[in-house]
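K.L.:
Protein chains in written order, with our numbering: chain R, 1 to 148; chain G, 1001 to 1173.
Keep in mind that the hints are not guaranteed to be accurate.
Restricting the straight-line Cα-Cα distance to at most 20 angstroms, the calculated cross-link-like pairs of lysine to any residue (SDA-like) are [stated by the list, open to error]:
#1 G:1149 to G:1089
#2 G:1093 to R:14
#3 G:1093 to R:144
Ranges of calculated distance between the beta carbons of each label pair, as one might list FRET restraints [as the list claims (entries may be wrong)]:
#4 G:1086 to R:122: 51 to 57 angstroms
#5 G:1087 to R:34: 25 to 31 angstroms
#6 R:35 to G:1015: 38 to 44 angstroms
#7 R:91 to G:1024: 36 to 42 angstroms
#8 G:1135 to R:85: 35 to 41 angstroms
Hints are computed from structural coordinates only; laboratory data are not their basis. The beta carbon of each residue, even a glycine, is placed where N, CA and C say it ideally should be.
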Amino acid sequence: MAQPDVLSQAFELGFTYTRSTGPVVGRFLTGLRDRRIFGIRASDGRVIVPPMEYDPATAEALDEFVEVGQQGEIVSWCWVKQPRASHPMDTAFAWAMIRLDGADVPMIHCVTAAAEEDLATGARVQVVWAAETRGYITDIRCFELIGE
Amino acid sequence: MSEDTEAVTRIETPVYLQYNFTAGRAPARFLERIRQGVLTGQRCPRCANVYIPPRGSCPACGVPTEEEVVLPDKATVQSFTVVAIPIPNNPIKPPFVIANLVLDGANISFIHLMSECENSEVHIGQRVQAVWKPEAEWTYAMDNIRYFKPIDEPDVPVDRIGRLPIGGWEDEQ
Chain R
1 MAQPDVLSQA
11 FELGFTYTRS
21 TGPVVGRFLT
31 GLRDRRIFGI
41 RASDGRVIVP
51 PMEYDPATAE
61 ALDEFVEVGQ
71 QGEIVSWCWV
81 KQPRASHPMD
91 TAFAWAMIRL
101 DGADVPMIHC
111 VTAAAEEDLA
121 TGARVQVVWA
131 AETRGYITDI
141 RCFELIGE
Chain G
1001 MSEDTEAVTR
1011 IETPVYLQYN
1021 FTAGRAPARF
1031 LERIRQGVLT
1041 GQRCPRCANV
1051 YIPPRGSCPA
1061 CGVPTEEEVV
1071 LPDKATVQSF
1081 TVVAIPIPNN
1091 PIKPPFVIAN
1101 LVLDGANISF
1111 IHLMSECENS
1121 EVHIGQRVQA
1131 VWKPEAEWTY
1141 AMDNIRYFKP
1151 IDEPDVPVDR
1161 IGRLPIGGWE
1171 DEQ
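Looking at chain R on its own, in the form it has when it is part of the complex (with noise of 0.2 angstroms):
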């Protein structure tokens, strides 16, 4: 029997999903089409963003939402120096925890910089916003050193 030729071929599987958000992540995400970013007050006061459904330390249901700033600071980041294309940006950028004032804890998203060397533990960031915002983590573009 003849060795046959190496047979190869790309293709693609595709999961099409739609999720439900709930109330409380689908109130997060319709405050960032509206250009405006929500938290939620946990038991102890503290200010979680994006918001829980559940409180982390009692388990109760949470509700009282909390408006957030649209600056923040760098908690901590890493430079991505070739994005993929997955990724969110096609130039280097950097992952970053970032606490938006009036939060209590850090979210992670994007930061747009020209360099790593740019870039530090408590420097100040604030949001850019997509061009047409629809409902999504991705409404904010990303986020921008201030004062640049």
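Could you slot chain G onto chain R? The hints should help.
P.N.:
Using the frame of chain R, we list chain G on its own:
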């Protein structure tokens, strides 16, 4: 800013996985032969089960399969489903029938389309035969068979499905 005033309750979160599939030796041989319009399986040297498409080993015995077996293009419906909702990126318009079919002489089913049939009359044990594309369109693909259509042969009892000789059902009867 969006003009929407309704609260957000759902978001689309598709996941796409990009693969590059390289056929191993047994599947490559199968594809090479189906390009010539021939259905080729492999027989297990231990349990004698015939697998198509072949994977190069017997899943039950765990031994390599090397003996090639040319199979006819007649098959039996082992199970089926009538697809009523559109599948993204699938050009076939519902309702259509997808069936697990076992070729005569094979002991394992594969999935293919059924057509030229009344969807409501498709049933387990039904006899079918391949409808091939024109030879000029044959390539390294199971799609060389456009679909399977019912043929005028008596139904196969459930306990004989997947156990017919290469000569087929009429041979066995």
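K.L.:
Broken hints, numbered, in rising order?
P.N.:
1, 3, 5, 6
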